[in-house]
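Number of protein chains: 4
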Amino acid sequence: MQSQNPVFIPGPTNIPETVRKACDMPTLDHRSPAFARLFRPAVAGVRRVLKMTEGEVIILPSTGTGGWEAAITNTLSPGDTVLAARFGMFSHRWIDLCQRHGLRVQIIETPWGQGAPLDKIEAALKADTSGTIKAVLATHNETATGVRSDIAGLRRAMDAAGHTAMLFVDGVSSIGSMPFEMAAWGVDIAVAGSQKGFMLPAGLAILGVSPKALAAMDTATLPRTFFDFRDMLKSYAAGGFPYTPPVGLIAGLARAIEMLEDEGLDAVYARHHRLAEGVRRAVAAWGMKPCAVTPDLYSDTVTAVLVPEGCNGTDLVTLAAQKYGVAFGVGLGEVAGRVFRIGHLGMLTDVMVLSGLATAEMCMADLGWPITLGSGVAAAQEYYRGSAVAMAMAAE
Amino acid sequence: MQSQNPVFIPGPTNIPETVRKACDMPTLDHRSPAFARLFRPAVAGVRRVLKMTEGEVIILPSTGTGGWEAAITNTLSPGDTVLAARFGMFSHRWIDLCQRHGLRVQIIETPWGQGAPLDKIEAALKADTSGTIKAVLATHNETATGVRSDIAGLRRAMDAAGHTAMLFVDGVSSIGSMPFEMAAWGVDIAVAGSQKGFMLPAGLAILGVSPKALAAMDTATLPRTFFDFRDMLKSYAAGGFPYTPPVGLIAGLARAIEMLEDEGLDAVYARHHRLAEGVRRAVAAWGMKPCAVTPDLYSDTVTAVLVPEGCNGTDLVTLAAQKYGVAFGVGLGEVAGRVFRIGHLGMLTDVMVLSGLATAEMCMADLGWPITLGSGVAAAQEYYRGSAVAMAMAAE
Amino acid sequence: MQSQNPVFIPGPTNIPETVRKACDMPTLDHRSPAFARLFRPAVAGVRRVLKMTEGEVIILPSTGTGGWEAAITNTLSPGDTVLAARFGMFSHRWIDLCQRHGLRVQIIETPWGQGAPLDKIEAALKADTSGTIKAVLATHNETATGVRSDIAGLRRAMDAAGHTAMLFVDGVSSIGSMPFEMAAWGVDIAVAGSQKGFMLPAGLAILGVSPKALAAMDTATLPRTFFDFRDMLKSYAAGGFPYTPPVGLIAGLARAIEMLEDEGLDAVYARHHRLAEGVRRAVAAWGMKPCAVTPDLYSDTVTAVLVPEGCNGTDLVTLAAQKYGVAFGVGLGEVAGRVFRIGHLGMLTDVMVLSGLATAEMCMADLGWPITLGSGVAAAQEYYRGSAVAMAMAAE
Amino acid sequence: MQSQNPVFIPGPTNIPETVRKACDMPTLDHRSPAFARLFRPAVAGVRRVLKMTEGEVIILPSTGTGGWEAAITNTLSPGDTVLAARFGMFSHRWIDLCQRHGLRVQIIETPWGQGAPLDKIEAALKADTSGTIKAVLATHNETATGVRSDIAGLRRAMDAAGHTAMLFVDGVSSIGSMPFEMAAWGVDIAVAGSQKGFMLPAGLAILGVSPKALAAMDTATLPRTFFDFRDMLKSYAAGGFPYTPPVGLIAGLARAIEMLEDEGLDAVYARHHRLAEGVRRAVAAWGMKPCAVTPDLYSDTVTAVLVPEGCNGTDLVTLAAQKYGVAFGVGLGEVAGRVFRIGHLGMLTDVMVLSGLATAEMCMADLGWPITLGSGVAAAQEYYRGSAVAMAMAAE
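Chains as they are written, first to last, in the UniProt record's numbering: chain C, 1 to 396; chain L, 1 to 396; chain R, 1 to 396; chain X, 1 to 396.
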């Protein structure tokens, strides 16, 4: 039987009906003014979601990985040094990408489950009296561990160090779902993807670029053409694109942002927080803990659940897919087997999340894990019904 | 926020992705051979689902109500007598329709929550020595009360009475979801709709008509044109339709039947039984009862849940829609307020049903009903995970 | 090879992208307020398209044929007399329907290719001094011959006769494409279908009903339930529907009317006139004539082209479908073989029409008809490019 | 008015209904086995379309430009020399890309309208006795001029020179529409895009890579991560993708190839040839010429039409879009204004092409160009109807 069970992977997320319809469009001549009419609102919308006050939005037919690559190839040169903390699979991959492009990466190894170590970053920057560090890389939401780092704090640490490095932030699994303040946080490049908070299929890297990062384009010598911001900005100015753009995804992006803004960005963030908190209540009721070590680190888009001793999180993910047709995320890298991940971002409701929790419980029981069926569901129900009432009252 | 919560009304049901795509087609010339290539598999598929061995399938751009009307106008004449039991809103409505068309309806009033009273029907038929009763009307699955009547038993009762009346069965909310045996049960007209077990949007009445009922067309004098079987059959024979057919729904019907048969009709029925049984376990865990008075009457497509004294089922339905974006069915007619209804038919999974049960529980708690959150969910989880395992093992 | 050639049948018409998407919706609880929010704009829109100032709109899950049946069963009683002219297949069918419902039809036989004979109708009404004629039936646009009758003139004729019969108009292939004035013309029931000017799939009969016709409901004794206006109006008033409505088609209807009104109804009518006139120029360039005998009768939605002596229009239709994948309409009834029909209504552009004309020419050449390739196309091109310029200038 | 006029740009092409539906899918967990079930047929299909006998298929969430970049960054190192002829905008852009990535490009300047100069290439290779040329770049179909180069001949020239350079071919606007023989022609990397012959939206670069090119990965030092073949192949082998793949496009690719193979690749190529030849007949009837200087160079996917002295091709493109809602391609680079381009590739029929020709004629007349309306249409009609008959006869 086909099913329409929601997915609980931390992206791609469930695609809203209306966004699917916006993406699914007949061929449009991308060299005609019709393309500009469609592209401009998408760009303007991204600017509002990122809370940009200056700089430029860049949209690439690519993914978050391509966005990372574009961020460095447009601003840096071979041999340049960047500073990055490694505390999960996605912070690791960005570091790896930098190394493969000939950058020197000053790595601050950090236990998985923790976030960006602001004090160590500050210290490293203070120590860099010669200004060799050109950019600090930060993973806003580490999807592997469900950890949100404090980017505002990172900016304060950089300022405290008096360092002029650029700040590049991977917001792939946070932007559109959790508060993001490009201008207020002094972010130089923010990288998002279409398939998370923007609720679209994969296929777009979405970047915000500050004037400082734009200025770096002129001296950067890492080679790039497909990802070249200069070609992009020149074409955008004329209402075009330097090569054939993925028109449907761009139309869908505009529509998705319209949806986010109809709900209200703050309401979207509050909803994600509620959904996440319900999941965390369920996790506690199961007698388990998130991988994120302290509450201030809890992600509102994904929870990596540490499984009991002797249990294997990957077994749950496999069973859920095979027996119940429900997709969760496995643990990656260092936490492979030790966690399973519940994605709770994008177009999702209390009701949908409850079905995910109920499924996880059935799998746990099937696998002989110590669990009381309905326990996590009940904890989440109690939280959801209470907080939903509060939201309704607040709306009056 | 838009949601993609499933619906739990007893039809229209959640439409599968692939069926939606089959329905959503560009314009096709219905006078071309392409239409016949699309129509014939739909007709043949209906024949298999109804378990017909003879007679004809009729597909009308209409609904179940139109199907009822077509059944009587094509076979009966003003003043004819039909026999019917009334034990719910839908059995009532068919009776009302007959009366409005000038038929005399011999009504066996039956308490709501019970099914077709085989003994009384047999007695009535035996008493009709002059053969005035031309047809017996039966509602296979009374959607208002969640009661399934025993049509095989009804046939036996008719045979025991030695009566030659035709047997017309409303299978709108059973066909495609629960076993139906047109030939074996000696059904003369079976009426289905597109929007229940066939998982389509509303818009088609689907009928199986026995040779005996077809023969009655010649003498029936109730007026009809739009619904006239004679025009239909004449056109069908030529690969056409007597007027503009709803081509997309017909394409969708063929696709839906393909889905049912890919799963296997018996597997489809077993799945509905499992889904229903899980719901009933939850109802019991809540300390409540189905409206259907005995287990042999339990419907596998809809459960009407009797609410506790002092509670109003309609409140739950309203709250679920407004606060959680989930649709249940209200009580209708005699049981208005006394029940709420959970539809569990069509393209539905364990996981989806659990989200409905969890929602109902939240509403009950919100309304101050005596309920332990998670209790019904846990009962259903236990049943689902156990029976799902059993199904998997049986498949090896 | 699949193709996306447009269809040139006189309905169903090519469905606009946006209308298809509006129709293709997930299941919505038709008993919830969400249904009313969707239904009311559709009803209000129909009222504007029909130019109604009073009375009610009725929307039935049916087709034009069902609309005809609903018109008479809701207002008339067995044995009642109606007056109708027969001059094509569709006027014939409505007459046949009346007869099958036990009405007496006073028929004015009229040559195919002509329209409603106003003088004869006036004379018949004048002769009916006893007022036995309860309704006059008129086919606004006879789809079989491409003839538009003068409904305003018919109203004047009825008034001149001083007769109080109701006026029922079949506007199935005119409404939404050619001017229609329900109030100004004193129409008592107007019947439209979803699949012509409304550009939807088949599946809805759409009726405007005057207060006079509504009053007739109370005395009408023709049986009806599925089509009963009384049930409809009672349910509509509560934001509902008497049975399961085809929600997607209703959503699509609202969207289609929005499209028509975005373009402007007058602009829609002007576009249809231009498209039709281009087709007629092509027909003249081919040395052929429309079936409609005089220009005042020319339909703007369909042209029935009289084929040269010794040629068979059906051959062209068959060849076009088989060799070029293009659908035209065959001649029906009296003009079978003598015409082929080009539908030019709905979502259609100059460019699409030209492809139809070019195809017809290729078929004619293939069949050995006397034709110069490109001749009709050139005539239509000349007209389209000239009138398109004029339209653009007028818009400034 | 919305329109559903076909587009006549040389890509993106009109997307078939069934391909759109395949692309428009709900979220699927790309780390589940379901992804592999979807990905493998797409990869296998590409292999068949490219006529590969060995090597690997690489699919990147990108465009043709990204495909070019991937081709060189995976096989070459900074300072390496490549040989390329420049005879149009797309051959120019690939050269530019190489230069921006630090390659030395030995350019053979060739007049626009001509194809790859086999003799000069052979001479250049012969002169390169030290083997500095690592790769020869060839644009199979130069979209700017409508010129098809002889890749089989290029291979013969390379062999005649006894040179071991790799052969990289841009087949973006040829593959899937014109014969392509990766194995027989000894192509080392073939680059295609989703939005041309594969009839999909833009968003995929599709590459075939020979064992020789795969071997070059190990020594190539141009930086790459997003485009790294090594990561791709490692992930593919495990049924996965190195980052989030565009699942819908991949599903659509498999479906598109199914369509091509249902028609038969040879039939697809023959259809494109017929469509192109009809366009060329029209061009001749207009008294104009293709930009491609000799018939052996004529592209079957796009015709760049040289406009009469004193006329500007861009005016026609602008007018067609604004007045008739039809998209043609403008002239680019050296031939800006001197040509307009008619794309005739992808899902297109005779009938659709005729509408494009008719539109072009109207525009020419509107612009005062010397043209007889209907002349080009007639020439194409004559050819289409004749060759269509021949095809049907051949099929018997």
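Errors might be hidden in some of the hints.
Any copy, or any two copies together, can satisfy a pair, since identical chains are not distinguished.
[Claimed, not checked] Below, in silico cross-link-like pairs of lysine to aspartate or glutamate (EDC-like), each with a Cα-Cα straight-line distance of 20 Å or less:
hint	residue 1	residue 2
1	Lys234	Asp128
2	Lys126	Glu261
3	Lys126	Asp296
4	Lys234	Asp366
5	Lys323	Asp29
6	Lys289	Glu309
7	Lys323	Asp366
8	Lys323	Glu334
For the record, the hints were derived by calculation from the structure and aren't laboratory data.
Now the hints, each set against the structure:
Taking identical chains as interchangeable, the C-alpha atoms of Lys234 and Asp128 are never at most 20 Å apart, the minima being 36 Å within one chain and 38 Å between chains. Taking the shortest Cα distances, Lys126 and Glu261 never come within 20 Å of each other, neither inside one copy (40 Å) nor across copies (63 Å). Taking the closest pair of Cα atoms, Lys126 and Asp296 never come within 20 Å of each other, the shortest separation being 26 Å inside a single copy and 68 Å across copies. In the homo-oligomer, the alpha carbons of Lys234 and Asp366 never lie at most 20 Å apart, since the shortest distance is 58 Å inside one protomer and 33 Å across protomers.
Within a single copy, Lys323 and Asp29 get their C-alpha atoms only as close as 45 Å, which misses the 20 Å cut-off; across copies the closest is 15 Å, which meets it. For a Cα distance limit of 20 Å, the shortest separation of Lys289 from Glu309 inside one copy, 12 Å, qualifies, whereas the shortest one across copies, 41 Å, does not. In this assembly of identical chains, Lys323 and Asp366 lie within 20 Å of each other by CA distance solely inside one copy; the values are 10 Å within and 33 Å between copies. Within a single copy, Lys323 and Glu334 get their C-alpha atoms no closer than 27 Å, and across copies no closer than 41 Å, so neither meets the 20 Å cut-off.
Consistency note: the structure conflicts with the earlier hints numbered 1, 2, 3, 4, 8.
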